[in-house]
Each structure stands twice: as C-alpha cells, then as structure tokens.
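K.L.:
Residue numbers (this note's numbering): 8 to 192.
If you're looking for bench data, these hints aren't it; they were derived computationally from the structure. Just so we're clear, the structure is a prediction, and the values are computed from it rather than from any experiment. It cannot be assumed that every hint is accurate.
[Unchecked claim] With beta-carbon atoms standing in for the labels, derived distance ranges:
no., residue 1, residue 2, range
1, D96, G62, 39 to 49 angstroms
2, R122, E81, 17 to 27 angstroms
3, V63, Q25, 32 to 42 angstroms
4, G62, D132, 46 to 56 angstroms
5, K100, V63, 30 to 40 angstroms
6, N153, D96, 40 to 50 angstroms
7, E36, Y101, 32 to 42 angstroms
8, S57, G133, 37 to 47 angstroms
[What the hints assert, rightly or not] Restricting the straight-line Cα-Cα distance to at most 27 angstroms, the calculated cross-link-like pairs of lysine-lysine (DSS-like) are:
no., residue 1, residue 2
9, K51, K20
10, K20, K87
11, K87, K24
12, K39, K90
Note that the Cβ used here is the ideal one computed from N, Cα and C, for glycine as well.
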Amino acid sequence: MSQSNPLTWGDFKNALKQNPDLHLQFQYEEGKFVDSSYHITEIKQAPIVSVDCGGVMNSWTEVIVQLWEPSEKEVDRSMKVDKALKIVDLVEKYLPLNPSATVKIEFGNSRFDTRQMYPGEFASDGETFTVNLVTDFTQCKALTRNESCGTSPAEASCCAPAPVKQELELVTSDGDSCKPGSGCC
Numbered sequence: 008m009s010q011s012n013p014l015t016w017g018d019f020k021n022a023l024k025q026n027p028d029l030h031l032q033f034q035y036e037e038g039k040f041v042d043s044s045y046h047i048t049e050i051k052q053a054p055i056v057s058v059d060c061g062g063v064m065n066s067w068t069e070v071i072v073q074l075w076e077p078s079e080k081e082v083d084r085s086m087k088v089d090k091a092l093k094i095v096d097l098v099e100k101y102l103p104l105n106p107s108a109t110v111k112i113e114f115g116n117s118r119f120d121t122r123q124m125y126p127g128e129f130a131s132d133g134e135t136f137t138v139n140l141v142t143d144f145t146q147c148k149a150l151t152r153n154e155s156c157g158t159s160p161a162e163a164s165c166c167a168p169a170p171v172k173q174e175l176e177l178v179t180s181d182g183d184s185c186k187p188g189s190g191c192c
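Assemble the whole structure, with the sequences as input and the hints as a guide.
P.N.:
Structure follows, in structure tokens:
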C-alpha cells in the first residue's frame with residue numbers, strides 16, 4: 008500500500024488492525040530499521056493553528072507516535088502489531104484521538120536526527136508488517152494558493168526571487184565636485 012497524501016490516524020490504525028499477528032517494524036531510511044527493541048513511548052495529539060506568510064489562518068490536528076530505542080538491545084524481534092494496538096487502546100482510554108488527524112512517527116537515534124516522518128508505504132512480508140517512513144517537508148501555503156506572501160503582489164512575494172537592484176553611479180564632472188560652493192551638497 009502506497010500513500011501520496013499524508014495518512015490519517017484512522018487509516019493508519021485500520022492498517023494495523025488488519026495485521027495483528029505480524030511483527031511491526033519501521034524503516035526510516037532505505038535498508039535502515041528502527042531497532043527491534045523499540046518502545047512506543049507516547050502518542051501525542053497536537054492541534055496546530057498557524058498563520059501563513061499570506062496572512063491566512065490554518066488549522067489541523069496531528070497524531071504523533073513516538074518511538075524510542077533503548078541503549079541496549081532487549082529483544083531479537085520487534086513487537087507484534089497487536090501489542091502496539093493495545094498501547095493505542097490504553098492511550099485512547101484517556102485521550103480520544105481524532106481519526107481524521109494526520110499521523111506522524113517521531114524517531115531518532117545516535118545515527119539519525121530525531122524527526123517526525125509520515126508513514127509512506129506498508130509492506131506485509133511473511134511475519135512482518137513494515138511501515139516505510141518518509142520525511143516531512145516544508146511549503147509556502149500562500150504560493151500553493153497562487154497568492155502572495157504578506158502585503159506585496161505575488162510577483163514580489165517573499166518566496167519569489169529578489170528583484171535585481173540597479174547600482175547607483177557616482178558621477179563627477181571634474182573631480183572638484185564636492186568643494187564648498189560647488190553645488191553638489
């Protein structure tokens with residue numbers, strides 16, 4: 008299963024429910040997986056409210072699943088999807104998670120800076136259910152709306168190339184242009 012848009016929490020949870028007996032693993036770079044000893048340390052729900060550079064207010068909700076690798080390997084196999092779902096159920100007893108929220112996985116280790124990534128493609132392979140993570144990106148919402156940043160026209164947007172400034176030339180007539188009484192001042 009491949010995702011072109013950010014996945015919702017509801018869709019992510021449903022994908023997990025379809026694979027309860029498989030081992031859940033996360034691939035954060037090609038061929039690099041979160042260590043099988045990982046823990047799901049917390050699940051956060053973050054309502055985001057922002058104003059973009061075009062002066063438009065935006066709001067959305069994110070559900071962030073945080074993964075942590077212990078310093079020493081504890082097990083040889085990653086947790087089963089069913090165990091992850093039990094953690095989700097525990098969280099949802101106290102914090103109802105918005106099924107329409109964008110889901111992100113937060114992870115980092117000594118070789119990979121901590122960041123939030125989107126679940127991209129899912130792969131069921133024998134005994135494992137792998138969530139391939141894709142990096143988050145930034146964007147200029149005003150330009151994606153074909154509008155300008157701030158109060159200037161779209162062509163003069165803060166995200167557009169800066170206009171070329173013309174250099175001023177110092178023009179002198181005879182080298183004596185700034186003497187008292189010459190009229191230059």
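K.L.:
Next, verify each hint and record whether it holds.
P.N.:
Against the structure, the hints come out as follows:
| no. | hint | in the structure |
| --- | --- | --- |
| 1 | D96 x G62: 39 to 49 angstroms | holds (42 angstroms) |
| 2 | R122 x E81: 17 to 27 angstroms | holds (24 angstroms) |
| 3 | V63 x Q25: 32 to 42 angstroms | holds (38 angstroms) |
| 4 | G62 x D132: 46 to 56 angstroms | holds (48 angstroms) |
| 5 | K100 x V63: 30 to 40 angstroms | holds (37 angstroms) |
| 6 | N153 x D96: 40 to 50 angstroms | holds (44 angstroms) |
| 7 | E36 x Y101: 32 to 42 angstroms | holds (33 angstroms) |
| 8 | S57 x G133: 37 to 47 angstroms | holds (43 angstroms) |
| 9 | K51 x K20 | holds (15 angstroms) |
| 10 | K20 x K87 | holds (14 angstroms) |
| 11 | K87 x K24 | holds (11 angstroms) |
| 12 | K39 x K90 | holds (22 angstroms) |
Violated hints for the displayed structure: none, as all numbered hints are satisfied.
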